[in-house]
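Going down the list, the protein sequences come from chains A and B. Counting in UniProt numbering, the final residue of the first sequence is number 532, and the numbers go up one at a time with none missing. Counting in UniProt numbering, the final residue of the second sequence is number 532, and the numbers go up one at a time with none missing.
Bear in mind the hints are in silico, worked out from the structure with no lab data behind them. Do not rely on the hints blindly, as some may be mistaken.
The list makes no distinction among identical chains, and a pair is therefore deemed to hold if it is satisfied within one copy or across any two copies.
Unchecked claim - Below, a list of computed lysine to any residue pairs in the SDA-like style, where the Cα atoms sit at most 20 Å apart:
| hint | residue 1 | residue 2 |
| --- | --- | --- |
| 1 | K444 | R474 |
| 2 | K444 | W482 |
| 3 | K381 | M500 |
| 4 | K268 | M152 |
| 5 | K98 | A379 |
| 6 | K98 | G113 |
| 7 | K189 | Q145 |
| 8 | K288 | T357 |
| 9 | K268 | I18 |
| 10 | K381 | K504 |
| 11 | K237 | R514 |
| 12 | K444 | D477 |
| 13 | K444 | E481 |
| 14 | K98 | E81 |
| 15 | K288 | S389 |
| 16 | K35 | R402 |
| 17 | K516 | M262 |
| 18 | K98 | I82 |
Below are the chains, spelled out letter by letter.
2 protein chains.
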Amino acid sequence: MADQLRWDYLSCYGADHIETPNLDWLASRGMRFNKAYVQSPICGPSRMSFYTGRYVRSHGSTWNGFPLRVGEPTLGDHLREIGVKCSLVGKTHMTPDKEGMERLGITPESTIGALVAQCGFEVFVRDDGTNHSDYPGRCGEDYDQYLRDHGMDGDNPWEEWANTAIGPAGEMRTGWVIENAPLAARVPKEHSETAWLTTRGIDYIEAQGDQPWLCHLSYIKPHWPFLAPAPYNDMYKAADLPPVVRSDDERQTDHPLMQAWMNMRVCKSMARDEVRDLAGVCYMGLIKELDDQLGRLFSYLRETGRMDDTMIVFCSDHGDNMGDHWLGEKDLFYDCSARIPLLIYDPRDQADATRGTATDALVEGIDLVPTFLDFFNGADKSHILEGRSLSPLMQGAATEWREFAVSEYDYATRDSRREVGMDQADARLAMIFDGRWKYVHVEKMRPLLFDLEDDPDELCDLATNPEYANELSRLRDLHFEWSRQHHSRITRSAAQIERMTDAKEPPGIYIGYRDKNELEGDGRQMPDHASG
Amino acid sequence: MADQLRWDYLSCYGADHIETPNLDWLASRGMRFNKAYVQSPICGPSRMSFYTGRYVRSHGSTWNGFPLRVGEPTLGDHLREIGVKCSLVGKTHMTPDKEGMERLGITPESTIGALVAQCGFEVFVRDDGTNHSDYPGRCGEDYDQYLRDHGMDGDNPWEEWANTAIGPAGEMRTGWVIENAPLAARVPKEHSETAWLTTRGIDYIEAQGDQPWLCHLSYIKPHWPFLAPAPYNDMYKAADLPPVVRSDDERQTDHPLMQAWMNMRVCKSMARDEVRDLAGVCYMGLIKELDDQLGRLFSYLRETGRMDDTMIVFCSDHGDNMGDHWLGEKDLFYDCSARIPLLIYDPRDQADATRGTATDALVEGIDLVPTFLDFFNGADKSHILEGRSLSPLMQGAATEWREFAVSEYDYATRDSRREVGMDQADARLAMIFDGRWKYVHVEKMRPLLFDLEDDPDELCDLATNPEYANELSRLRDLHFEWSRQHHSRITRSAAQIERMTDAKEPPGIYIGYRDKNELEGDGRQMPDHASG
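The shape of chain A in the complex, shown without the other chains (with noise of 0.2 Å):
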């Protein structure tokens, strides 16, 4: 998993601006999925549901930060059933629920403890790639050592040389300001966080023996901060990034939320054509980057033999703005952000039938949990899991498939939430997405509608046009119908609940039975000491 990827920034995915021949190499080898949503356009949200198979509005982490309620089954404790170990290296954004623990007993130095604090996760590596901690092992102490033990130290390694540069003058030049974007990482690029993390995953995978396992090797690129190694920083050139992606219309929108969003001081930065440039530039070097490691990854599993029993899952946790639509940072649901790359390699001889090609079906980050547990052989978590398994479009199966995707926003802790006057309960966005028309609940407000295959860039809102008000209101239906699905029913399986309609009664109770004759007309047996 790469870290705030755009899809349209790989070649297989038909970008003429920068080449990434390792991942298109993995495309020409799996399937590539062309209409790939994640359940939340922000990094916690969207990976509790790549790693719970749930919608946001399920396990309830709505946003970065807020915690993964404590009980919420996760991919480790599925896979962990059927003898599968489920490890991590890199990032998970996960911040423990500290209270439920405590509330249960649970101490996070305690084996189930761990696996509770990181999202069910066996921690090989944890790297979140970020600079503080509020709790053990949150952040990247795992690399700072290793910057150390290869001679760059410092009270914070991971800032003071992966996240620093040497100016012109020699002095020190922060990755935090975007205008230090051009310079070189003081780190050399064989000990860059993408570099190391790739060791450490290919260390993973060597030390395991012939036991199956999953490894969430997770990238922090080409996430912020806008600092990559040399040669990548300066790899690229302004000119070479596509055109921004905005209009007028845009700008001048009656819509409060987007205005308030496009007043965000990250916003307004990013729409900045020369803060646009140097990020992005940078943004280039490190998908470059990115993929110049996976291909040094891929190598590996070649020579090895692993291709053969191995699936490969690349992806990515959402997109960026970059500037398109007048938006910095993810958040919201344009296809910059809310759509993926990804890319699966299934080494089974039934998924030859469809190497290296393509499927618009609509497909969402929490259907990798069913896909894996499918490829593992795991039992039906239908009743858990909301996602649904890939294998059948991988093996090109005809299949009924999902009408829409969801994807939901909780914009509470945000500026805008504050400028708009919403109250916290009420700072929610829903997309529902049915393969062309796109369409945007905003809570108390009116919705946003676009019609991707009139306008695949995303730039006129339809909503207010009456002409639209069928499509307004059949996608309208469609968050009803989602919204009312069972979600929290976690506890009993659907062969649990067959059974139950079989018996009818628990054993031992009779309702509403007149008589004895009623009774046993009915099959059942009077208890034993009762005459009558």
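Chain A is already provided as a structure; the job is to place chain B on it using the hints.
Chain B in isolation, oriented as in the chain A frame:
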């Protein structure tokens, strides 16, 4: 809490066929809630809502025997945080989430495991008033032992003494068939389950010192089996029963689910006048017995001065259709089932203004948890709790109140689900009641609609009448509004979210700043080591 007690079988609610002077006395000292609804008209899910303060769609325990998921915060959890003991004397219908507990390494034998397995209660007595147990402590071992101690022996004293009678020829007659309902239970009234639970409740209260406590004194009755001890078994005659409420139009409904429901064995049974008469007379006797025993409890509280500092809440977990609408048992959302009696005595002076009065405010079972927390001055838990404290109503404060009550029903395990050919996942009903209009959403079928102002007996389903299209649409919108609300975002409080909004970014993180000037202009500090 009584079990399966209809609101309209209490004289304080206007019943003229039965006198319940002790509950009437409580009503005269407290407040009577005229429009109190349970979150599901069936024991398990209704109780889990009472015990968590959350809707059924949120806690996920949608049917009897569907375990309450591990980690779902309970009343007991909230009270223990503020030093209040929260104990059980009687029934909960709780099924522990054994799989979830195992996943988290919580054993039922541990202190915390025992609480988790009992939905947060410290067990003084657990007695579910049913025959069989699939979990330690599920059933009525304590009452069995009590009966044995009083010379009532057998393999299953609960069944053989409390739920068995002696027939005219001296033979043993089971309480499990309704024809025996006129007979007296073998157990004398001073040792009945209702009497015993009352004594145990008094024992519990007596054993508490000056520490604050909450006692969930939870009776089995007037729930079936229909067998009362003398003299309650023949205190009433069939002529005392209120007329059955049903119409030929109802019987002829075109609604496939309602047809299927009326066709269920237990409904066909209770729709027969003779069976209803047998059951109803006993039901009245059991209510009279409960009222007498509550009189004993209230006397104890008065005599020990505990009325000065004890809040008393009387309610039921749901009602009983008792042949009305051609239905038996509970289920569905007619007022005989989904509406409950609710009386609250608040000892504080602030509640003096409303003593002996009634309110038509729409109240839900989930309101009790916040009411208790409020009484004990607990912190705001509105990110977890979906109910509202009733204190403002009891203090006569003008307050904005909810506009509609919600109840849910999962018929996945019912015969009728197969009869109508519905998928397990779609066997869902939801009631939206706004104080006048009762709307029942039936997944994949047409809704039901009743106007309780013009038709308080709910005999006329208006949903197919085009005159009411606007009402249907308005109520459907309310259902959608409710469905969209956050209900799993339970790990961050409103105060925490407000602090996150203030902070804008976590410490040490700087997003989208072009340069040092922008950063400092925003009141931020550059990282220590960097100069630009």
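(request) Using 20 Å as the alpha carbon limit, work out where K237 and R514 are close: within a copy, between copies, both or neither. (result) Intra 86 Å, inter 18 Å, cutoff 20 Å: inter-copy only.
(message) Within, between, both or neither: how does the pair K268, I18 come out at a Cα-Cα threshold of 20 Å?
(response) neither (26 Å within a copy, 72 Å between copies)
(message) With identical chains, the pair K444 and E481 could be close in the same copy or across copies; at 20 Å between alpha carbons, which is it: within, between, both, or neither?
(response) both (19 Å within a copy, 10 Å between copies)
(request) Please work out whether the CA atoms of K98 and I82 approach to 20 Å or closer within one copy, between two copies, in both situations, or in neither? (result) between (28 Å within a copy, 18 Å between copies)
(message) Please sort K98 with A379 into within, between, both or neither, judging by C-alpha distance up to 20 Å.
(response) between (30 Å within a copy, 18 Å between copies)
(request) Check K98 against E81 for me: Cα-Cα at most 20 Å, and say if that holds within a copy, between copies, both or neither. (result) So K98 and E81 pass the 20 Å test across copies only (14 Å; inside, 24 Å).
(message) Please sort K288 with S389 into within, between, both or neither, judging by C-alpha distance up to 20 Å.
(response) Cα proximity of K288 and S389: none, with 30 Å in one copy and 57 Å across.
(message) Please sort K268 with M152 into within, between, both or neither, judging by C-alpha distance up to 20 Å.
(response) neither (36 Å within a copy, 81 Å between copies)
(request) Indicate which option fits the pair K444, D477 if close means a Cα-Cα distance not exceeding 20 Å: within, between, both or neither. (result) both (17 Å within a copy, 13 Å between copies)
(message) Please sort K288 with T357 into within, between, both or neither, judging by C-alpha distance up to 20 Å.
(response) Neither: 23 Å inside a chain and 74 Å across chains, both beyond 20 Å.
(message) At most 20 Å between alpha carbons: which applies to K444 and R474, within, between, both or neither?
(response) For K444 and R474, both the intra-copy (19 Å) and inter-copy (16 Å) Cα distances are at most 20 Å.
(message) One pair to classify: K444 and W482, alpha carbons no more than 20 Å apart. Within, between, both, or neither?
(response) For K444 and W482, the Cα distance is within 20 Å both inside one copy (19 Å) and across copies (13 Å).
Hint violations for this structure: numbers 4, 8, 9, 10, 15 and 17, all remaining hints satisfied.
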